[in-house]
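Taken in sequence, the protein lines are chains A and B. Counting in this note's numbering, the first sequence runs from 1 upward without gaps. Counting in this note's numbering, the second sequence runs from 1 upward without gaps.
Treat the hints with care, since some could be wrong.
List time: in silico DMTMM-like cross-link candidates among lysine to aspartate or glutamate, alpha-carbon distance up to 25 Å [unchecked claim]: (1) 97/B / 324/A; (2) 222/A / 92/B; (3) 228/A / 126/B; (4) 155/A / 67/B; (5) 54/B / 231/A; (6) 155/A / 69/B; (7) 328/A / 92/B; (8) 222/A / 55/B; (9) 222/A / 35/B; (10) 328/A / 69/B; (11) 228/A / 127/B; (12) 222/A / 10/B; (13) 54/B / 331/A; (14) 155/A / 92/B; (15) 317/A / 129/A; (16) 129/B / 203/A; (17) 228/A / 35/B.
What the hints contain is simulated information worked out from the structure, not anything from laboratory work.
The residues making up each chain are set out below.
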Amino acid sequence: MKDMNILAIESSCDETSMAIIRNGTDNLGTVVLSQMDTHATFGGVVPEIASRMHVENITMVLEETLNKAHMTLDDIDAIAITYGPGLIGSLLIGLQAAKTLAFITGKPLIPVHHIAGHIYANNLVKRLEFPLMALVVSGGHTELVYMKEDYSFEKIGGTLDDAVGEAYDKVARVLGIPYPGGPNVDKLASAGKDTYNLPLPLDDDSFNFSFSGLKSAVINLKHNLNQKGIEVIPENLAASFQNRVTEILIKKTIRAMHKYHVKKLIIAGGVSANKTLRDRLSSVCEENGFELITPELKYCTDNAAMIGAAGYYAYQKGRIASLDLNAKATDTLQ
Amino acid sequence: MEYKFTSHSEMDTVELAQNFESEKFPNLIICLDGELGSGKTVFTKGIADALGIKDTITSPTFTIIKEYDGELPLYHMDVYRLDGKTDGIGIEEYFTKGGVVVIEWAETIKDILPEERLDIKFKIIDENKRLLVLTPHGKKYEELCEAVL
Numbered sequence: 001m002k003d004m005n006i007l008a009i010e011s012s013c014d015e016t017s018m019a020i021i022r023n024g025t026d027n028l029g030t031v032v033l034s035q036m037d038t039h040a041t042f043g044g045v046v047p048e049i050a051s052r053m054h055v056e057n058i059t060m061v062l063e064e065t066l067n068k069a070h071m072t073l074d075d076i077d078a079i080a081i082t083y084g085p086g087l088i089g090s091l092l093i094g095l096q097a098a099k100t101l102a103f104i105t106g107k108p109l110i111p112v113h114h115i116a117g118h119i120y121a122n123n124l125v126k127r128l129e130f131p132l133m134a135l136v137v138s139g140g141h142t143e144l145v146y147m148k149e150d151y152s153f154e155k156i157g158g159t160l161d162d163a164v165g166e167a168y169d170k171v172a173r174v175l176g177i178p179y180p181g182g183p184n185v186d187k188l189a190s191a192g193k194d195t196y197n198l199p200l201p202l203d204d205d206s207f208n209f210s211f212s213g214l215k216s217a218v219i220n221l222k223h224n225l226n227q228k229g230i231e232v233i234p235e236n237l238a239a240s241f242q243n244r245v246t247e248i249l250i251k252k253t254i255r256a257m258h259k260y261h262v263k264k265l266i267i268a269g270g271v272s273a274n275k276t277l278r279d280r281l282s283s284v285c286e287e288n289g290f291e292l293i294t295p296e297l298k299y300c301t302d303n304a305a306m307i308g309a310a311g312y313y314a315y316q317k318g319r320i321a322s323l324d325l326n327a328k329a330t331d332t333l334q
Numbered sequence: 001m002e003y004k005f006t007s008h009s010e011m012d013t014v015e016l017a018q019n020f021e022s023e024k025f026p027n028l029i030i031c032l033d034g035e036l037g038s039g040k041t042v043f044t045k046g047i048a049d050a051l052g053i054k055d056t057i058t059s060p061t062f063t064i065i066k067e068y069d070g071e072l073p074l075y076h077m078d079v080y081r082l083d084g085k086t087d088g089i090g091i092e093e094y095f096t097k098g099g100v101v102v103i104e105w106a107e108t109i110k111d112i113l114p115e116e117r118l119d120i121k122f123k124i125i126d127e128n129k130r131l132l133v134l135t136p137h138g139k140k141y142e143e144l145c146e147a148v149l
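Using the sequences provided together with the hints, build the complete structure.
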């Protein structure tokens, strides 16, 4: 079979990224331009600034990506693009670039769901084997996805309120820790002990998650102690919170794997960089005889390489878009 | 004029939000303030339900704005992380797009809020109990509060 080089574009949030991926597995060149510094000033991603910076960056990123892969547009067989979900203004910049490139090269345009991309980030580490369970955990997402084959997604559960990343950010706010909350709470927790009595959130038979109640429990606990004139120990509260989060994520993931008879687990999304989550999942999987695949840290955050990997399998499933493809801010993985 | 409503559970808060029948009011602007965990997103779930939105309403803290399709579109925002820096961000554009706009932590951007709007302040009384103080600005919003409360 002839090699297939996919040029992938990702601009759903604050990273402008392009990559050229061969046959869904080989990363020939990836460029990620982050707007992290600008957004740190604003304490998070700011939609309008994000889209303005994507406009400024996108042609530069294209040139750099082609240079890195030692290619020209003539070597490209298809264009893959994140069409959603994400910030609409940001998505539109990447989408317009992708449509333009598809139009001038006459090559197919492949629409890729952002979460499918995060899942396929693992394919760049090791070819996915099916059936598998994917635990997607990031700033904006918390989902359990069952895959019986390539590019087939069945969402079996998700958050009903805060995503894991948001829960971390909010608890960080309560503890007075700066943005981004996730890595900072993780760091703080590693210096503390699980001494506070916090509930295990939404500990039921479903595969859904709810972190809003745990967030409230942290707030109530701090409030009640402060009223008694007792200061909370931030390290210990962070450790207690993090333990509850990882415990429920792991408990439901493992139960889902038993129920769906799968032995392979992948984790995806920004929070999959969380060390405590990785370590505990890895030992629980070992106990259960499951195989855990984790993305390389550089593929945990948003990047186009994962979109190029997912795009290859989307293409094989006949997912090709016409040039009137639209961006979607909120969209279910399918 | 301000109106007070005591919510004894999440369900109470959801029902109050449903009673606003926001599906009949394009460009309805509802501003929510109150500490973390006081029920702002819960209230928004009720608004979404009245708009016939089937998607689960999840927190927009990370993305700042989430958009949903219903009888009217719902624009659900959490502007906390903007820290009042709204210059050139385009939030104002959402006020006249014909949808229902719900803004969490709206006080942080009060300079750019439209004069006519509904402000709701959430206060935590105890674990489940919340006091909601509703302040309508403008005739349309006063009538709406009269009808609901």
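Here is what the structure says about each hint:
At most 25 Å may separate the alpha-carbon atoms for a hinted pair to count; residue 97/B and residue 324/A meet this at roughly 22 Å. Taking the CA atoms of residue 222/A and residue 92/B, the gap is about 36 Å. The hint is violated against a cut of 25 Å. At most 25 Å may separate the alpha-carbon atoms for a hinted pair to count; residue 228/A and residue 126/B meet this at roughly 16 Å. A hinted pair counts as satisfied when its Cα atoms are at most 25 Å apart, and residue 155/A with residue 67/B qualifies at roughly 20 Å.
Proposed proximity of residue 54/B and residue 231/A is contradicted: the alpha carbons are some 43 Å apart, above 25 Å. For the hint pairing residue 155/A with residue 69/B, the CA-to-CA distance comes to about 20 Å; that is within 25 Å, so the pair holds. As the CA atoms of residue 328/A and residue 92/B are separated by approximately 20 Å, the hinted pair is consistent with the 25 Å bound. Of the pairs offered as hints, the one joining residue 222/A and residue 55/B is violated, with about 33 Å between alpha carbons and a cut-off of 25 Å exceeded.
Using a Cα cut-off of 25 Å, the hinted pair residue 222/A and residue 35/B holds, with the two alpha carbons roughly 13 Å apart. Under the criterion of a C-alpha separation no larger than 25 Å, the hint pairing residue 328/A with residue 69/B is consistent with the structure, at around 11 Å. Proximity of residue 228/A to residue 127/B is assessed by CA-CA distance (about 17 Å); at most 25 Å being required, the pair is judged to hold. For the hint linking residue 222/A to residue 10/B, the alpha-carbon distance of about 21 Å falls within 25 Å, and the restraint holds.
For the proposed pair residue 54/B and residue 331/A, the alpha carbon gap of about 12 Å is at most 25 Å, so the pair holds. Taking the CA atoms of residue 155/A and residue 92/B, the gap is near 35 Å; set against the 25 Å cutoff, the hint is violated. Taking the CA atoms of residue 317/A and residue 129/A, the gap is near 17 Å; set against the 25 Å cutoff, the hint holds. Restraint check: the Cα-Cα separation between residue 129/B and residue 203/A comes to about 23 Å, which is no more than 25 Å; the hinted pair holds.
Under the criterion of a C-alpha separation no larger than 25 Å, the hint pairing residue 228/A with residue 35/B is consistent with the structure, at around 20 Å.
Comparing the model with each earlier hint shows violations of hints 2, 5, 8, 14; every other hint is respected.
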